[in-house]
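**Q** Residue numbers (the numbering used here), protein chains in the order written: chain D, 1 to 508; chain W, 509 to 1016; chain G, 1017 to 1186; chain B, 1187 to 1356.
Please keep in mind that the hints were generated in silico from the structure rather than gathered at the bench. One should not assume that every hint holds.
[Unchecked claim] Label pairs and their calculated CB-CB ranges:
hint	chain 1	residue 1	chain 2	residue 2	range
1	D	Glu-457	W	Lys-583	20 to 30 Å
2	D	Gly-436	W	Ala-702	53 to 63 Å
3	D	Thr-474	B	Gln-1273	38 to 48 Å
4	G	Arg-1036	B	Gln-1344	35 to 45 Å
5	B	Leu-1297	D	Thr-474	40 to 50 Å
6	B	Ala-1304	W	Glu-685	29 to 39 Å
7	W	Arg-949	D	Thr-474	58 to 68 Å
[As the list claims (entries may be wrong)] Listed next, the stretches of chain B that the computed footprint assigns to chain W, with coverage defined by at least 3 CB atoms under 8 Å from CB atoms of chain W:
hint	stretch
8	1233-1243
9	1298-1305
10	1333-1343
Note that the Cβ used here is the ideal one computed from N, Cα and C, for glycine as well.
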Amino acid sequence: MAKKIRKILVANRGEIAVRIIRACRDLEITAVAVYSDCDKSAYHVRLADEAYHIGPSPSSESYLVHDKLIEVARKCGADAIHPGYGFVSENPEFAHRCQAEKIIFIGPKAETISRLGDKLVAREMAINAGLPVVPGADIGENDFNIALERAREIGFPVLVKAAAGGGGKGMRVVRDEESFEESLQTAANEARSAFGDSRVFIEKYLDRPRHIEIQILCDTHGNFLHLGERECSIQRRHQKVVEEAPSPVMTPELRARMGEAAVNIARESDYVGAGTVEFMYQDGAFYFLEVNTRLQVEHPVTEMVTGIDLVQEQIAIAEGDPLSFTQDEITFRGHAIECRIYAEDPDEGFIPSTGELKHYRIPAGPGVRVDSGVIIYNEIPVYYDPMIAKLVVWGKTREQAIERTRRALEEYRVSGVRSTIGFHRVIMDNEKFRAGDLSTRFLEEEYPDNDYHQMSEALGEKAAIAAAIDKFVTERKIALDPVGNGRQKSNWLTWHRRANLRSFGGSH
Amino acid sequence: MAKKIRKILVANRGEIAVRIIRACRDLEITAVAVYSDCDKSAYHVRLADEAYHIGPSPSSESYLVHDKLIEVARKCGADAIHPGYGFVSENPEFAHRCQAEKIIFIGPKAETISRLGDKLVAREMAINAGLPVVPGADIGENDFNIALERAREIGFPVLVKAAAGGGGKGMRVVRDEESFEESLQTAANEARSAFGDSRVFIEKYLDRPRHIEIQILCDTHGNFLHLGERECSIQRRHQKVVEEAPSPVMTPELRARMGEAAVNIARESDYVGAGTVEFMYQDGAFYFLEVNTRLQVEHPVTEMVTGIDLVQEQIAIAEGDPLSFTQDEITFRGHAIECRIYAEDPDEGFIPSTGELKHYRIPAGPGVRVDSGVIIYNEIPVYYDPMIAKLVVWGKTREQAIERTRRALEEYRVSGVRSTIGFHRVIMDNEKFRAGDLSTRFLEEEYPDNDYHQMSEALGEKAAIAAAIDKFVTERKIALDPVGNGRQKSNWLTWHRRANLRSFGGSH
Amino acid sequence: MARYTVTVDGREYDITVEYRSEHYRMTVNGREVEVYREDLQRGRSLLLIDNTSHEVDIRYNGGDNERIVFMQGTDVPLQIEEYNLAQLRKTAGMAAGGAKETMIAAPMPGLVVDVRVAVGDNVKKNQPLAVIEAMKMENILKARTDGTVKAVHATKGQSVDKGDKLIELE
Amino acid sequence: MARYTVTVDGREYDITVEYRSEHYRMTVNGREVEVYREDLQRGRSLLLIDNTSHEVDIRYNGGDNERIVFMQGTDVPLQIEEYNLAQLRKTAGMAAGGAKETMIAAPMPGLVVDVRVAVGDNVKKNQPLAVIEAMKMENILKARTDGTVKAVHATKGQSVDKGDKLIELE
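Okay, chain D solo, but in the shape it has when bound (with noise of 0.2 Å):
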């Protein structure tokens, strides 16, 4: 069955496209680019071996539309079509229809997928592959005399999840069972407006849980391997914001009883490829949560500290090829972060910022490297997630990863729009992040008003001085002859010509 892959249709855009494309030109494979009408200069498309344009700006009308990316995937003969992370990724229809088109989704099963996409159907597969889960229930459809009973079995606070959630939607946190019914409803409702389908279950709720999660690789030869943890507690708003690897609490025996249980539900859900096996960790005990099947937006820190090339390895899986090391041959060094960097204003809640990136210059350097989806004079368009790079950065320790990736952070440059670089800064100085105390309730306990401004004094009397000057030089040169200031104006002509001439710190 082992098929060489010749040619991979990326139906992604933004930095995972790009990583993409890295991948297929380091195994020779002709990379296809596609592009919403925003995206004509984007730099994924300038890194494709071929781009082909697939409709207007909104996602719904271009990455989104199965029908769009078959027909290019035809036209150009992909044998291959990579959805990356998000838009079609996850969906079990465009996975069946490209088995249908005898085209190789690389991913699992569409089957898998679907399985596993739904919370409920997930977590008994879990508990049936022997994995911890929170304790929890399904409540069915409201009948909510037997849900109150089951929510004063497990004890409040209780989380009530939608069955199709993710990214927060339809998830609540009931106290007391006053407000349990009330909730419960909100919950259905938000679920059936969000995802269509109200079906919702209770979990215990975990006051300070860490997000850790296992990343998997099954090949379609039936070996099931892990690659290790990410810890991924920094949160804010369910979305991670900082991950790494390993966890400060990973020890070699937690990690071994983790990655069987992850391995576990893998070969459970008859997986095949890359995927994520997440977990909820509190005081020494973790409990499944759900898997991802697809890339996840951090692998890299993966890649770092086990020096595997997981798109590369999805791609051999899908190829058909066995796994070219089994578990005892993965090891892991080192220390690695991942900073996402994204286009929105700290100062303003996170408003996404949209606009020319006027200035655009990547850290570069010792540990550093950086998956960026844009490149200087790109637009920031307002139609897409707006993360424009992933910082990940490795260290031989995890203090040293902390300092490298504190100056990766000063070395970058983005201006025209406003960034999270400056909030990152914030949590690498943090002590309880250096310390490596973390939970997902992290950044709501250090920053409770959201506010990320530590700006040292010192930072700021220098920012004073350079707007001072900047004044100070617009000015002068908007007003070239000002009234009864002749000797300023001839001294600034005189600096114009001297400056061209003579050096900089003068002869000091």
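Dock chains W, G and B against the given chain D, drawing on the hints supplied.
**A** Coordinates of chains W, G and B only, in the frame set by chain D:
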């Protein structure tokens, strides 16, 4: 004797100054840059915490002037000076001067630099320490008959080398007795004019040697370690062009033997700090060549396979710390390749190319590290070595490292000056290189006519198309109203108007 | 010589600037500072402030007096005024840049999913006023100063373009 | 419609270009090719040539007809001429761009350390003519075409600036 360094003056420019500043940042040490006239807006100045002007552009009036460097160090309160490579890095007088001024010189003792800098003395030390050397002899001053006798013992061809030499100056291959006297005389003359020292010696000439070097790290507590080898056989006019680690011929057993040899001469020379012991290797045997008493240009390939930050280690050693790992704890993972990217024109005999970098975009992504000395809009000045960056790429295997290097070279954008990017692409595609079949004569054997311009016909055709469209567009723009061609003009204007409104790919 | 009042993070700096042969001589709250400046492309500059090196990017941020200074990986928002005007303003008892902050406009195209205030409400600085959904994210618009709601132009469910006026404070 | 003769690496391409609604319709040695072009900043452009994607940077290289096209990490030097002029030139038996290659100028400031030809010498393409030392490197200037040395302006030991005429061929 341990003394925490708080501020380091970086007595260099370009990529190595940037490299050292990054290490300072990672250690929370204040980094001080120095700059000549033409470097006032150079990248190393922008990245440093402080920056001081030290004179006119020629290095003899700035970066090489001991008094100026010391003056800045005193003025800014630097505890230490890092010399990088080149400039004052291997100057024993400067190391002495620092000692006298109670400023830490980050490098070996002046005495060590001095002795190892003399090739004849170094050769003696190597023999004393039991290292294999190429059969050869010190032939004294002008004693031609003794020299000829020695040359006959060794057997022609022989290599005549300057005792004070470097970079191929005062070096001559002598193939037979007839040309021996003249060659000896010429070499001595060249050596006198280049180094003010006419002493030469002769060595057996190896016809297809590899250049393999061992990285050493030695602390002030008597620990002498090696960090494995780098293969630097791909050279042009005795300048390294591509370096890699590990060497394709290396075995753990050979590495242990070469490493032991390197550590032995380090011990013999009372070595402190980072250094490199260079060897020639041919037919299973290796021969001592010389010791470079400084950080090497190609140090990042060792950093990538060992995970050890050599500049941070240099600083820790200078602070008096013992090395934090043992020989057994040094492990090697994967393969790293470095390409030295120069502003040179490979089509014109590698003539340096100066001017403004009108566009500059570094590659990124998995495995890619760029140590660049420049950023967009910088000038490549005429005064210094025209290296603009080092592209260093890691892969799990040598093959993956080569493929990723190719990909990174294709992503690199340099315009405004010519560069050696295309030249490196040719090397990455070379079958002998890919097979690891290397020697220092690789380039002259593979490209005897210096013709690195191996363009595919497909690329040539696409370049022709690009040039034709460019000429078409440019001429239509200039001739806004070409006589008798009103229709074409109006079409063109329509296009411009519509381009703002409609999609790039149109409705196809 | 020019004299400015700069307000950063609630701290006020009294700064004078004078141009002397190839460099700027400044005082910052009375302390002398020497600055060399090198113009870089596209509005950026390189400053040596008492020999410390800074690459700086300055852009306008709303009103005439508002700037964002990007340096050391950090966006620093600040207000800068002519010293004399700042003195007048202070005599009048106003906060720096206060007059500019009363109009809340849509920072991006999107859908108004919630309006949390009504005309006449008293609001505190940072109080949520409205929520806009864009890029699949809900974005909360907050009051930049204390004040009273003078007008509400936004309604729940409405599509807005970047720059549309949503809420006016006074 | 425009028609050009482009010479790359000794190969000749006969290219026609025509602008049609939003794209370029071309023929390359008779074969039809469809190209979309997107202008990028500072003289660069993005081309989709039959849907293959190329970021391209084009600059002048000496004479009017000389270009260097940078694409796929490679500098491609080429000559481009109007088709009619190229035909005339070929009738006259001249090589593409030949007339531009006879003056050897210093490509950089430096020191002339060797002059290897004299007036009247016949030289072959790529034959070394002179050596300039700059940036501590010796750089060999070679003949770009076969020819005869018409004049030698450089002398050994002389300092030269960029662009100084050194040797003329004919």
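**Q** Hint by hint, note whether the structure agrees.
**A** Each hint, compared with the structure:
1. D/Glu-457 x W/Lys-583: 20 to 30 Å: holds (25 Å)
2. D/Gly-436 x W/Ala-702: 53 to 63 Å: holds (56 Å)
3. D/Thr-474 x B/Gln-1273: 38 to 48 Å: violated (57 Å)
4. G/Arg-1036 x B/Gln-1344: 35 to 45 Å: Given range 35 to 45 Å: holds, Cβ gap about 42 Å.
5. B/Leu-1297 x D/Thr-474: 40 to 50 Å: holds (45 Å)
6. B/Ala-1304 x W/Glu-685: 29 to 39 Å: holds (33 Å)
7. W/Arg-949 x D/Thr-474: 58 to 68 Å: holds (60 Å)
8. 1233-1243: n = 8 at 8 Å, threshold three: holds.
9. 1298-1305: violated (count 0)
10. 1333-1343: violated (count 0)
Of the numbered hints stated above, those contradicted by the structure are hints 3, 9, 10, listed in ascending order.
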